[in-house]
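Asker: Below, each chain spelled out in residue letters.
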Amino acid sequence: MIEAQVAYSKLEAVSREMGERFQRISRSPLIAQDRAFAAAVMTSDMELAAQHQLEAGHLFALKESVAALFDYFSFDIAEGDILLTADPYSGGTQAQTITMAAPLFYEGELILFPVLRAQMADMSGEYPGGFHPDAFEVWQESVRVTPLKLYKQGVKQRDLWNFLLANTRAPSVLEADLEAMHACLQTAQKQLLQLNGQIPAEKMENYLEEIFQYTRQQALRELPSELEPAGQASVSFQADGEPLAVAVTIQQIEDGLHLDFSGTSVQTNAPFNMTRASAKAYAVWPLIAALKEEPSLNEGLLSAFTFTLPEGSLVSPNLPAATAFSGIITGHFTAEAVMAACHDFEGTRDIDPVHGPGPQAVLFPPIGTEREIEPLFLIPGYPRSPEGMGPPALFGGRRLVSAEELEVHYGFRMTSREWKEEDGGMAVSIQNDGQDVMMNILMPEAANRYYGHVERTMENPFTFTRSAAEERFGTGEEVTFYYPGKGGAADESK
Amino acid sequence: MSQSDMILSQVVGGSLDAIARDMSETVTRTARSPLFNEAHDFTTGIFDLSGKTSRLVAQAPGCTLHLYAIVGAVNELIDTFRYDLHPGDILLVNDPYHGGSHSLDWTIVTPVFYNRKPVLFPAVRSHMGDNGGPVAGGYNPNSKDIWQDGLRIPPLKIYERGEKREDAFDLIVANNRLSHWLEGDLNAMIGACKMAAGRIQDLLDRYSGEKVAKAIDERISYTERRVRSEISSWPDGTYSAATYADHDFQGNRDIKIQANIEVSGEELHIDFTGSSSQAEGFINSPLSNTTSFAFVAVSTCCDEDIPINEGYMNPVTVTAPKGTVVNPELPAPCGHATACSGAEIAEAVLLALSEPAPTRVGVNAHKLPLAYSNGYYEDGTPWVNLNFFGYTGGAGAAYETDGWGLYPPVMTGVILPSIEMNEIQYPSRVLKHEYCSDFTGAGRWRGAPGLDVQIQHLKESWTSVMMAGVRNTTKGFCGGGDAPSNQVIVQDSTGEELQVKETAFNIHMEPEGIIQFYRAGGGGWGSPMERDPLLVQKDVWNGYVSLEGARRDYGVVFDPETLDINEDATKKERKTRGE
Chain A
7 MIEAQVAYSK LEAVSREMGE RFQRISRSPL IAQDRAFAAA VMTSDMELAA
57 QHQLEAGHLF ALKESVAALF DYFSFDIAEG DILLTADPYS GGTQAQTITM
107 AAPLFYEGEL ILFPVLRAQM ADMSGEYPGG FHPDAFEVWQ ESVRVTPLKL
157 YKQGVKQRDL WNFLLANTRA PSVLEADLEA MHACLQTAQK QLLQLNGQIP
207 AEKMENYLEE IFQYTRQQAL RELPSELEPA GQASVSFQAD GEPLAVAVTI
257 QQIEDGLHLD FSGTSVQTNA PFNMTRASAK AYAVWPLIAA LKEEPSLNEG
307 LLSAFTFTLP EGSLVSPNLP AATAFSGIIT GHFTAEAVMA ACHDFEGTRD
357 IDPVHGPGPQ AVLFPPIGTE REIEPLFLIP GYPRSPEGMG PPALFGGRRL
407 VSAEELEVHY GFRMTSREWK EEDGGMAVSI QNDGQDVMMN ILMPEAANRY
457 YGHVERTMEN PFTFTRSAAE ERFGTGEEVT FYYPGKGGAA DESK
Chain B
7 MSQSDMILSQ VVGGSLDAIA RDMSETVTRT ARSPLFNEAH DFTTGIFDLS
57 GKTSRLVAQA PGCTLHLYAI VGAVNELIDT FRYDLHPGDI LLVNDPYHGG
107 SHSLDWTIVT PVFYNRKPVL FPAVRSHMGD NGGPVAGGYN PNSKDIWQDG
157 LRIPPLKIYE RGEKREDAFD LIVANNRLSH WLEGDLNAMI GACKMAAGRI
207 QDLLDRYSGE KVAKAIDERI SYTERRVRSE ISSWPDGTYS AATYADHDFQ
257 GNRDIKIQAN IEVSGEELHI DFTGSSSQAE GFINSPLSNT TSFAFVAVST
307 CCDEDIPINE GYMNPVTVTA PKGTVVNPEL PAPCGHATAC SGAEIAEAVL
357 LALSEPAPTR VGVNAHKLPL AYSNGYYEDG TPWVNLNFFG YTGGAGAAYE
407 TDGWGLYPPV MTGVILPSIE MNEIQYPSRV LKHEYCSDFT GAGRWRGAPG
457 LDVQIQHLKE SWTSVMMAGV RNTTKGFCGG GDAPSNQVIV QDSTGEELQV
507 KETAFNIHME PEGIIQFYRA GGGGWGSPME RDPLLVQKDV WNGYVSLEGA
557 RRDYGVVFDP ETLDINEDAT KKERKTRGE
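Sequences listed follow chains A and B, in order. So for the first sequence, this note's numbering puts the first residue at 7; every next one is plus one. So for the second sequence, this note's numbering puts the first residue at 7; every next one is plus one.
These are computed hints drawn from the structure, not numbers from a lab. All residues carry an ideal CB built from backbone N, CA and C; glycine is no exception. The reader is advised that the hints may include incorrect statements.
[Claimed, not checked] When the alpha-carbon atoms are kept at most 30 Å apart in a straight line, the in silico DSS-like pairs for lysine-lysine are as follows: (1) 438/B / 465/B; (2) 158/A / 123/B; (3) 200/B / 217/B; (4) 328/B / 58/B; (5) 298/A / 16/A; (6) 162/A / 58/B; (7) 123/B / 162/A; (8) 200/B / 162/A; (9) 158/A / 58/B; (10) 158/A / 200/B; (11) 123/B / 58/B; (12) 438/B / 544/B; (13) 170/B / 162/A; (14) 158/A / 544/B.
[Unchecked claim] Just a sample of chain B residues kept apart from chain A, beta carbon distances all over 10 Å, derived: (15) 56; (16) 91; (17) 196; (18) 220; (19) 230; (20) 435; (21) 507; (22) 509; (23) 539; (24) 549; (25) 569.
Build out the structure end to end from the sequences listed, making use of the hints.
Answerer: Below, the structure is given as structure tokens:
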């Protein structure tokens, strides 16, 4: 077991280092600052060996995207191939998140190989950044990148590369990020080959089996147990006024937990649908967060959960349903439903809330005015976590945007960022000292519950309580983001 | 040139024409989309390689507005893969900024090798039913950048050495709402190219590459001589004209297209300096499209028996300042370029040419009241109906001929789909499709009568309307009257009838909602007061001209009972009107 732990730590280090390196060399603030990526090592059996991530959404999506890539290319994968996909319907979550895998071979056999998954700045679609509040089809959000061989036996497929760069408003950033991903994967491949030299594949396989077993047991020990009857909950929210609900029944089965989402709303003509991978990730995140000891993210952990996700529902939509808001909004309500269902279990310790959606925005220059742009994904504040001062766990590893960066890079002046005395929430005001920009406002909403709002003052005063597309944020205007206290768990109303 | 050379040139040229026509037939008979198999909204052609650029050597009758756009696209494809071409490769492009027009028009080409060198290239350019992006059908009146038009496909190899690149192919199909059509349509285009490649190979084997090349040179040179001869019959000089697009769908009105034409001996230079800056909305015309429409205009001024090939283009040069509506820069949207501002480009060129070549210009009409609808079949599969019947019409008059039939020359080769097939393929009914009175440009020769069309969609649907030719209607020539204004009225889900002034986006229509089109006829040619009264009488008998219209527009007075011409009253009327 000790040998297995040592070997496994090396594997985790490869994954972690790949992520760190990627963060350091990436050009996009989404990666460099918000850490909207995951780095992993996969086995030749498509099992997740180790994953380094700070955002819940990647948990199952990385593995399932890789599975989609291998299913697609099947027996047509060779040394030097780099596979890529960014498609909600090929194991992914939202279209602008790319999964890039670098299959690795030793003596002709596929061995442990590295994978990176990251959100890109823009992959075309109707609005820069991919978050389209009115989208009802996936093509309106982003281009779908179905499984592609970006490098074929080490040779860059220039036409496919150019295709990707032609379908983005941020080609320089995208190209830099694709190159960074490729470089990090190549370095990780070298490290894995080195490791393979130290620990033969067969031995590593045995070690991994032990580790997976250990992680699984660790999770099962602490996950809710003695579940009689099954825990049930349903959380309602809204999509532009349309009522939606995520319903979940959690049941202990022979060797794990089964999460059944029967009763969840049917898929909607709005971007709130969650792909299966996304739904699974947000469902298990509150359970994983509740474990006393932070578990390794690997196949053992994932195998502790099974799911029923009704086809055609909000948690398993059919093409061409739009999915961009799945992580930033629906994922939070999914986590909340799971938490509430766990509270049904008597004798089980409470599951702390990890959710807490709040308003955010994507800012960009007026469409068509610039040849190349870099959308700003703005999350200036957060709803306070019920358990402390910080943001809820689903905020991930994002860094709260700094006032100085906003001022230096984007021409926005943060005039205040303060806790509000009345409800413990946060209010952040930003003034536009630069050119007019447009913003897509992304807003969670639910009947009788308050998740924050956005106010625009000065020339075009308006209070946004729902998501909105292409709203002007003019020179000299001020926009204030209001976040509730105690996160989205609060049932207070405003 | 010896007689045998000339005969060989004719034989080879005829063979290449026949192959291009066969390609066209192959596409028609094997494609899935009604845009192909019913409307024939595509063009097939064959190119060769001369130095670094490709040359059009044969083209089947097809959608004329593709004429030069296909040349630009093929050039881009060959240029991109110049040092990476192999037998069996099949190349695809749709990007307006890679030699295209609007991104709905896709071009496929394959190289044919002789002596290990790529020598000839069969190509197909087609209008696809959808192109991903924000709206079904690809016409997005809200578009403000090229990505809001739809998917951009820069030069891409979809077959490599005869083997399908499944990932590239599937990537394209995945970004299309009508994947069930697209896959079949792409295969039809590819099939046509492969068939042509085989035939061309036979031709090369039979006559040798050198002889075929020589024959092609001669054929191009023949066309060039004919076009030069036509141009040289026009007086030297500089001629200018301007025309306007109504709006750019973003609230900016009267977008100017300026054509300055210099006739110098047997050469023609068309310069679009003076045209408006590139527009906010999706009416920008990439240079290939601008050149294409300029050539369409020039070609209507030449004899129709001249073979269409590179020789047409050699005596003509086209320049357009960068950053203008006729040569936009990335990321300007171009989704509507093949209608607006294409129509205005051809019109401005024809107006300018009406001075040196008055008896050659005419047949002008492409300002469309475009409306497309989309919805879902019973099984949830989407449909997109371009409502072709609503705007196919409006040919203008030319010297010695009234406007005829339905499509104007820019759409030659595109045919009006059969109403019965249309009703089988879509949940739609054409309730009415008929000529109406006094709804065309009057003239010594008048435009084709305008149309009154009603299309009903039996299922819930969404319709977007893009009006053109409302304020700046299609022009007449040499004293001929301009066309009247187009009109479209849509019944929305509340049963309200909405007359669309400029544009409407995604109007929700309940089942059995009706779209009413009034598609104006074309422009007239020459003064209406010079029209033979007997022709006016015939029009009155046919209901194309009313009695009031006859008097008002032509100065011809009739006995309302017998419909006989009142010659005295007519003479008097025309005299007072300054005949």
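Asker: For each hint, tell me whether it holds in the structure or not.
Answerer: Results of checking the hints against the structure:
1. 438/B / 465/B: Distance ~18 Å between residue 438/B and residue 465/B Cα, so the pair holds.
2. 158/A / 123/B: At roughly 26 Å apart (the allowed maximum being 30 Å), residue 123/B and residue 158/A satisfy the hint.
3. 200/B / 217/B: 23 Å, holds
4. 328/B / 58/B: Roughly 23 Å between the alpha carbons, so the hint for residue 328/B and residue 58/B holds.
5. 298/A / 16/A: At roughly 23 Å apart (the allowed maximum being 30 Å), residue 16/A and residue 298/A satisfy the hint.
6. 162/A / 58/B: At roughly 25 Å apart (the allowed maximum being 30 Å), residue 58/B and residue 162/A satisfy the hint.
7. 123/B / 162/A: Distance ~25 Å between residue 123/B and residue 162/A Cα, so the pair holds.
8. 200/B / 162/A: 27 Å, holds
9. 158/A / 58/B: Distance ~29 Å between residue 158/A and residue 58/B Cα, so the pair holds.
10. 158/A / 200/B: 26 Å, holds
11. 123/B / 58/B: It holds: about 13 Å lies between the C-alpha atoms, which stays within 30 Å.
12. 438/B / 544/B: Roughly 23 Å between the alpha carbons, so the hint for residue 438/B and residue 544/B holds.
13. 170/B / 162/A: 18 Å, holds
14. 158/A / 544/B: 70 Å, violated
15. 56: For residue 56/B, whose nearest Cβ neighbour in chain A is about 24 Å away, the distance exceeds 10 Å, so it holds.
16. 91: Nearest chain A Cβ is 13 Å from residue 91/B, so the label holds.
17. 196: 16 Å, holds
18. 220: Correct as stated: the minimum Cβ-Cβ distance to chain A is 34 Å, above 10 Å.
19. 230: 35 Å, holds
20. 435: 27 Å, holds
21. 507: Answer for residue 507/B: holds, closest chain A Cβ roughly 23 Å.
22. 509: About 17 Å separates residue 509/B from the closest Cβ of chain A, which puts it past 10 Å; holds.
23. 539: Given a closest Cβ separation of 54 Å, the condition holds.
24. 549: 45 Å, holds
25. 569: The claim stands: residue 569/B keeps its Cβ more than 10 Å from every Cβ of chain A (closest is about 56 Å).
The structure is inconsistent with hint 14 alone, although it conforms to all the rest.
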